[in-house]
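A.B. asks: Protein sequences appear in the order of chains P and E.
Going by UniProt numbering, the first sequence opens with residue 1, and the numbers climb by one from there.
Going by UniProt numbering, the second sequence opens with residue 1, and the numbers climb by one from there.
Watch out, some of these pointers could steer you wrong.
[To be verified] Quick look at which bits of chain E chain P covers, simulated, 3 or more residues with Cβ under 8 angstroms: (1) 67-81; (2) 153-160; (3) 193-199; (4) 289-297; (5) 336-342.
Just so you know, the hints here were simulated from the structure itself, not pulled from any lab data.
For every residue, glycine included, the Cβ atom is placed at its ideal position computed from N, Cα and C.
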Amino acid sequence: MSKQQPAQFINPETPGYVGFANLPNQVHRKSVKKGFEFTLMVVGESGLGKSTLINSLFLTDLYPERIIPGAAEKIERTVQIEASTVEIEERGVKLRLTVVDTPGYGDAINCRDCFKTIISYIDEQFERYLHDESGLNRRHIIDNRVHCCFYFISPFGHGLKPLDVAFMKAIHNKVNIVPVIAKADTLTLKERERLKKRILDEIEEHNIKIYHLPDAESDEDEDFKEQTRLLKASIPFSVVGSNQLIEAKGKKVRGRLYPWGVVEVENPEHNDFLKLRTMLITHMQDLQEVTQDLHYENFRSERLKRGGRKVENEDMNKDQILLEKEAELRRMQEMIARMQAQMQMQMQGGDGDSGVHGHHV
Amino acid sequence: MSKAHSSHLGFSGLPETRTDAAMSELVPEPRPKPAVPMKPVSINSNLLGYIGIDTIIEQMRKKTMKTGFDFNIMVVGQSGLGKSTLVNTLFKSQVSRKASSWNREEKIPKTVEIKAIGHVIEEGGVKMKLTVIDTPGFGDQINNENCWEPIEKYINEQYEKFLKEEVNIARKKRIPDTRVHCCLYFISPTGHSLRPLDLEFMKHLSKVVNIIPVIAKADTMTLEEKSEFKQRVRKELEVNGIEFYPQKEFDEDLEDKTENDKIRQESMPFAVVGSDKEYQVNGKRVLGRKTPWGIIEVENLNHCEFALLRDFVIRTHLQDLKEVTHNIHYETYRAKRLNDNGGLPPGEGLLGTVLPPVPATPCPTAE
Numbered sequence: 001m002s003k004q005q006p007a008q009f010i011n012p013e014t015p016g017y018v019g020f021a022n023l024p025n026q027v028h029r030k031s032v033k034k035g036f037e038f039t040l041m042v043v044g045e046s047g048l049g050k051s052t053l054i055n056s057l058f059l060t061d062l063y064p065e066r067i068i069p070g071a072a073e074k075i076e077r078t079v080q081i082e083a084s085t086v087e088i089e090e091r092g093v094k095l096r097l098t099v100v101d102t103p104g105y106g107d108a109i110n111c112r113d114c115f116k117t118i119i120s121y122i123d124e125q126f127e128r129y130l131h132d133e134s135g136l137n138r139r140h141i142i143d144n145r146v147h148c149c150f151y152f153i154s155p156f157g158h159g160l161k162p163l164d165v166a167f168m169k170a171i172h173n174k175v176n177i178v179p180v181i182a183k184a185d186t187l188t189l190k191e192r193e194r195l196k197k198r199i200l201d202e203i204e205e206h207n208i209k210i211y212h213l214p215d216a217e218s219d220e221d222e223d224f225k226e227q228t229r230l231l232k233a234s235i236p237f238s239v240v241g242s243n244q245l246i247e248a249k250g251k252k253v254r255g256r257l258y259p260w261g262v263v264e265v266e267n268p269e270h271n272d273f274l275k276l277r278t279m280l281i282t283h284m285q286d287l288q289e290v291t292q293d294l295h296y297e298n299f300r301s302e303r304l305k306r307g308g309r310k311v312e313n314e315d316m317n318k319d320q321i322l323l324e325k326e327a328e329l330r331r332m333q334e335m336i337a338r339m340q341a342q343m344q345m346q347m348q349g350g351d352g353d354s355g356v357h358g359h360h361v
Numbered sequence: 001m002s003k004a005h006s007s008h009l010g011f012s013g014l015p016e017t018r019t020d021a022a023m024s025e026l027v028p029e030p031r032p033k034p035a036v037p038m039k040p041v042s043i044n045s046n047l048l049g050y051i052g053i054d055t056i057i058e059q060m061r062k063k064t065m066k067t068g069f070d071f072n073i074m075v076v077g078q079s080g081l082g083k084s085t086l087v088n089t090l091f092k093s094q095v096s097r098k099a100s101s102w103n104r105e106e107k108i109p110k111t112v113e114i115k116a117i118g119h120v121i122e123e124g125g126v127k128m129k130l131t132v133i134d135t136p137g138f139g140d141q142i143n144n145e146n147c148w149e150p151i152e153k154y155i156n157e158q159y160e161k162f163l164k165e166e167v168n169i170a171r172k173k174r175i176p177d178t179r180v181h182c183c184l185y186f187i188s189p190t191g192h193s194l195r196p197l198d199l200e201f202m203k204h205l206s207k208v209v210n211i212i213p214v215i216a217k218a219d220t221m222t223l224e225e226k227s228e229f230k231q232r233v234r235k236e237l238e239v240n241g242i243e244f245y246p247q248k249e250f251d252e253d254l255e256d257k258t259e260n261d262k263i264r265q266e267s268m269p270f271a272v273v274g275s276d277k278e279y280q281v282n283g284k285r286v287l288g289r290k291t292p293w294g295i296i297e298v299e300n301l302n303h304c305e306f307a308l309l310r311d312f313v314i315r316t317h318l319q320d321l322k323e324v325t326h327n328i329h330y331e332t333y334r335a336k337r338l339n340d341n342g343g344l345p346p347g348e349g350l351l352g353t354v355l356p357p358v359p360a361t362p363c364p365t366a367e
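For reference, chain P alone in the conformation it holds in the complex:
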């Protein structure tokens, strides 16, 4: 805080300016250089427009050579997990996006085992991260944990299906669920409102924990607060995806052309696509944090608790190490105690023969 070296200040006109207000910029620059990683999982029945929506959200084509199997082939198929990674760059900011697709979900006549594959995938990613985190070299931990799961609800039903409820209950403690109503152009506005309300009621009825947007802080500006409020009111988002350019009202927009009109993807009156995109982008950081602080920690504590009962060898090693550490601790404590006692004796000896404080530690 010396005024003697003005050359060091970034803004020398402000007296008392230290400069750590510049820290966020430094963090920002570092993260921009490092780039962001995000893993998004999409789950839903075949034909709900998941791939189209992902392509629309990120303006890419993640599935260039796609072969859609016929019904007879689907009978034999089990749920697969397909992860594709794409690097997107925008204004110097790099995003390494991994989209985990789950083809085969909900197709079979008997879907009882539908979600086992998916749950084990999620657990596997947590397990791997836990292993890396506990390892010796922690420099380059790759974070493949699923940060967010878009669950596609069919617009054709009257709400959640039994399969939807069962699946969401099975994963709501492992991943952030964002429910999405697919193919929203099937519904009139009234039907959409009714369906959204019905879904929210059913989610509450079954105690399903979906991802909740954090409330805007009181020090944020009004616009942001209003935006957050609008976003929260529109959950679950009802979206339409498309990458086709259609001519409408004199300009080219992304949309779907019907004989009775054009559905515009980016028109907030037609569907909630923009809201979904905003939510994802502005809350990407928060989604990652919640995954780390809540879901991962849950997994970790469960895992370590179980770890005590699991493998015998690991058990023994851990116990041994624990015992040794405890012994070492005790030894050190005793040493400190002795040293303290010695010091006190010396001090007492120096002071005189009061002898009042004669207690040993």
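Got chain P sorted already, so can you dock chain E onto it with the hints?
C.D. replies: Showing chain E alone in chain P's frame:
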């Protein structure tokens, strides 16, 4: 067929499509040929005078108008595909299950239920006793194995009922016909292909009842997506050997064949949209769905194929549906029953015991 905006349903024209007597009185026989004279009468009419054979058509017409028609239509498909709305739209009345209970917030039943609701509707002096058989719970569970069994059982039970009446010593003059004449199967408009459950259902049931596959909520698809999807569905049905109505093997003559071929290969499965709400479009009141980007008109052939389905089921093929049910599906069932019973009618087994109807699957039925 261009009476798109009138409320004319069309079934009062029925007696003219087939000149047979009321179905319920017939003893099973091969289809009687229409009563048309072999040689043109006009050559002789000047010499012999007018006989009046052709008035038989008018007599039959009067009779059938008095007795009225039975028509039983079943709707099958996952919850929320618009089955009840479509049936209401087809018959321009509130005839479906949803109409009788205003509460649209019903829970999905745990097993497949069969709910039959009957109404009498009248048009042009012709009375029709319409029964709509709904199947809530089909395809909605996590485990949908064998969910078609209750449906198959219901259909066979109706055949059994009819058979019992037929073999009675003191038969009723007009056997009440509860057999399912037509089954509308609703395909979900995924845009990809049929679902495994669709295939299984249609494979099992196309042998016992007339199935008409219908693509539900077709306003989800653009025109290209629609035609691609229809082609794919048609191909899948063909590859899997599923004979939907009108079945190729039952085409009577060349005229039928060409007409039905056109329907089979181009129009079916019909991509439909249903609605019971009216809106004003270009000065006319039309049935439709209002969205922020336009109004979808149900009876506009550029928007969806509802009008084609309606004409097909009601205006042209209604009587044929009943005939195929009676002459083919019912006959197949009857033959199997008699064979199983050693050539004797049911109720007269070796020890006089009553044998159960075919097949015996343990599933619940309502009503």
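A.B. asks: Hint by hint, which ones does the structure fall short of?
C.D. replies: Numbers 2, 5, in rising order.
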